[in-house]
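Each chain, letter by letter, is given below.
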Amino acid sequence: MAQPILKIENLHKKFKDIEVLKGVDLSLETGDVVSIIGSSGSGKTTLLRCVNMLEEFHQGRILIDNEEIGYSGPQRKARKETEIARQRAMTGMVFQQFNLFPHMTALRNVTLGLTKVKKLPAAEANAIAEKWLARVGLSDRRDHYPGQLSGGQQQRVAIARAVAMNPKVMLFDEVTSALDPELVNEVLNVIKDLTNDGMTMLLVTHEMKFAFEVSDRVVFMNQGRIEEEGPPEDLFRSPKSQRLAEFLKSSKF
Amino acid sequence: MFEQGDFPYELWVSRWAILQGLGTTVLVSALAIVLGTILGTFVGLVLVYGRWVSRFLVRIYVDFVRGTPVFVLVLASFYLLSQIGIQLTAFQAGLLALVIFCSTHVGENLRGALLSLPRGQTEAAKAIGLTFPQIFAYVLAPQALRQALPAWVNTATEMVKASTLLSVIGVLELLLVTKQIISRNFMSLEFYFLAGLIYFLIDYAIERAGKAVERRVALPS
Numbered sequence: 000m001a002q003p004i005l006k007i008e009n010l011h012k013k014f015k016d017i018e019v020l021k022g023v024d025l026s027l028e029t030g031d032v033v034s035i036i037g038s039s040g041s042g043k044t045t046l047l048r049c050v051n052m053l054e055e056f057h058q059g060r061i062l063i064d065n066e067e068i069g070y071s072g073p074q075r076k077a078r079k080e081t082e083i084a085r086q087r088a089m090t091g092m093v094f095q096q097f098n099l100f101p102h103m104t105a106l107r108n109v110t111l112g113l114t115k116v117k118k119l120p121a122a123e124a125n126a127i128a129e130k131w132l133a134r135v136g137l138s139d140r141r142d143h144y145p146g147q148l149s150g151g152q153q154q155r156v157a158i159a160r161a162v163a164m165n166p167k168v169m170l171f172d173e174v175t176s177a178l179d180p181e182l183v184n185e186v187l188n189v190i191k192d193l194t195n196d197g198m199t200m201l202l203v204t205h206e207m208k209f210a211f212e213v214s215d216r217v218v219f220m221n222q223g224r225i226e227e228e229g230p231p232e233d234l235f236r237s238p239k240s241q242r243l244a245e246f247l248k249s250s251k252f
Numbered sequence: 000m001f002e003q004g005d006f007p008y009e010l011w012v013s014r015w016a017i018l019q020g021l022g023t024t025v026l027v028s029a030l031a032i033v034l035g036t037i038l039g040t041f042v043g044l045v046l047v048y049g050r051w052v053s054r055f056l057v058r059i060y061v062d063f064v065r066g067t068p069v070f071v072l073v074l075a076s077f078y079l080l081s082q083i084g085i086q087l088t089a090f091q092a093g094l095l096a097l098v099i100f101c102s103t104h105v106g107e108n109l110r111g112a113l114l115s116l117p118r119g120q121t122e123a124a125k126a127i128g129l130t131f132p133q134i135f136a137y138v139l140a141p142q143a144l145r146q147a148l149p150a151w152v153n154t155a156t157e158m159v160k161a162s163t164l165l166s167v168i169g170v171l172e173l174l175l176v177t178k179q180i181i182s183r184n185f186m187s188l189e190f191y192f193l194a195g196l197i198y199f200l201i202d203y204a205i206e207r208a209g210k211a212v213e214r215r216v217a218l219p220s
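Residue numbers (numbering that gives the first Met the number 0), protein chains in the order written: chain V, 0 to 252; chain S, 0 to 220.
If we strip away everything but chain V, and leave its shape as in the complex, we get (with noise of 0.2 Å):
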């Protein structure tokens, strides 16, 4: 078997004395695409947000093509926010609310990262920033500024903005839950087909029929832990534990 790019094992995370994950191991290989979905508060975008270092975590490990992640050894030592940012810079996050930044055109808000944190030449970060614009559909709004776009195409843009880093995996937090009913294919077309490219992708979701195609696993989430994990046909179709019948049935799919 081979190696896997993403290795959650046993994560365990509280927010106060809350407990929110319990214990989650999961492993993507490169190229995979899997989704989790579950109810709210079952911890899906608390395990994103790990992977992504936007949260501590409290036991367990996560590495990301063989390197340990926030912390290091036995001691979970915690790594100097330099280490951090690198390592940040190796998953790819696109989240809910879009967060593109306002005072930044569409094209700067994608070459910030690459001239920045990749030192790139401005010239370069340019060309992939507009590499990417176009495969979002976005060429034409290079110049636009995020208060000039549609949540579609702001969406689109962040999404372009977290690609273009290379990242090894592609964290998507429900990134159609704040759009618009018209405007929620657009982006999830765009998603559909960076698939295409075998980019590694652990997506948080809401829209089960998405979930059903683009995904190689599912993972169905519930208070904190893995009720259940699987090809799309398996879970969707025939799912084994009770909750995850209910869940199906409440949504829409």
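Take these hints with a grain of salt, some might be off.
To be verified - DEER-style ranges, computed between Cβ atoms:
1) 217(S) to 126(V): 27 to 37 Å
2) 207(S) to 62(V): 30 to 40 Å
3) 63(S) to 192(V): 55 to 65 Å
4) 153(S) to 58(V): 49 to 59 Å
To be verified - Partial list, derived from the structure: chain V residues whose beta carbon lies under 10 Å from chain S:
5) 62
6) 116
7) 119
8) 145
9) 147
Hints were generated in silico from the structure; no laboratory data involved. Note that beta-carbon positions come from the ideal geometry of N, C-alpha and C, so glycine has one too.
Put chain S on the given structure of chain V with help from the hints.
For chain S alone, coordinates are given in the frame of chain V:
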């Protein structure tokens, strides 16, 4: 009309004194704004990012200064400091009081602007691998400064008005000069009105300049 006792005549006679007073007012206000902004930037940064000890100390400084009338600050910096052996000229003492006053306003204002930025901005910047100094320089500061600009312009106009308080410790700024002229010719109505008009024009100019800058840096939407 152009004889002693007429306003145009008296104005002509005192023109140099008025210009000098105006010069002092502009100089002390400008210095107070510049130095107060520099100090206030540190105050704001400590209030947001400082460790708790430094944050606590700066918080006391800010609350204490903001809870004290500027007038008292001016008097204290002139009379109290000399008591403990620090001899400042009236100009220096007055400037010090204004700088301290200005720094607390700028600091609070910057703190508010930084804290008002959505958390997602920092998170998105972290996610592409920027370090904290980079996040601050490229993502947070440009947005916070835009937010803080209107209040900063307001503080600048306040400083010009507060500079009048320096007249009580003998700084020959516009108001004290005006008083001296009036004590010579007793034309209090005319010359106080003139002083008021000049203060208004200075602050109006600051206000207009601020608006122009705001328009320039406004984000298109």
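Lying within 27 to 37 Å: is that true of the beta-carbon distance residue 217(S) to residue 126(V)?
30 Å, holds
When the nearest CB of chain S is found for residue 116(V), is that gap smaller than 10 Å?
4 Å, holds
Double-check residue 62(V) for me: the hint is only fine if its C-beta lies closer than 10 Å to a C-beta in chain S.
18 Å, violated
Is 55 to 65 Å right for how far apart the beta carbons of residue 63(S) and residue 192(V) are?
Distance hint for residue 63(S), residue 192(V) holds at roughly 60 Å.
Is the shortest C-beta separation between residue 145(V) and chain S less than 10 Å?
Because about 8 Å separates residue 145(V) from the closest Cβ in chain S, which is inside the 10 Å limit, the hint holds.
Between residue 153(S) and residue 58(V), does the beta-carbon spacing fit 49 to 59 Å?
For residue 153(S) and residue 58(V) the Cβ distance comes to about 51 Å; the hint holds.
Assessment of proposed distance window 30 to 40 Å (beta carbons of residue 207(S), residue 62(V))
With a Cβ separation near 59 Å, residue 207(S) and residue 62(V) fall outside 30 to 40 Å, so the hint is violated.
Taking the least C-beta to C-beta distance, is residue 119(V) closer than 10 Å to chain S?
At 13 Å from the nearest chain S Cβ, residue 119(V) fails the 10 Å test, so the hint is violated.
Quick check on residue 147(V) please, does its C-beta sit within 10 Å of some C-beta on chain S?
6 Å, holds
Of the numbered hints listed earlier, those contradicted by the structure are 2, 5, 7.
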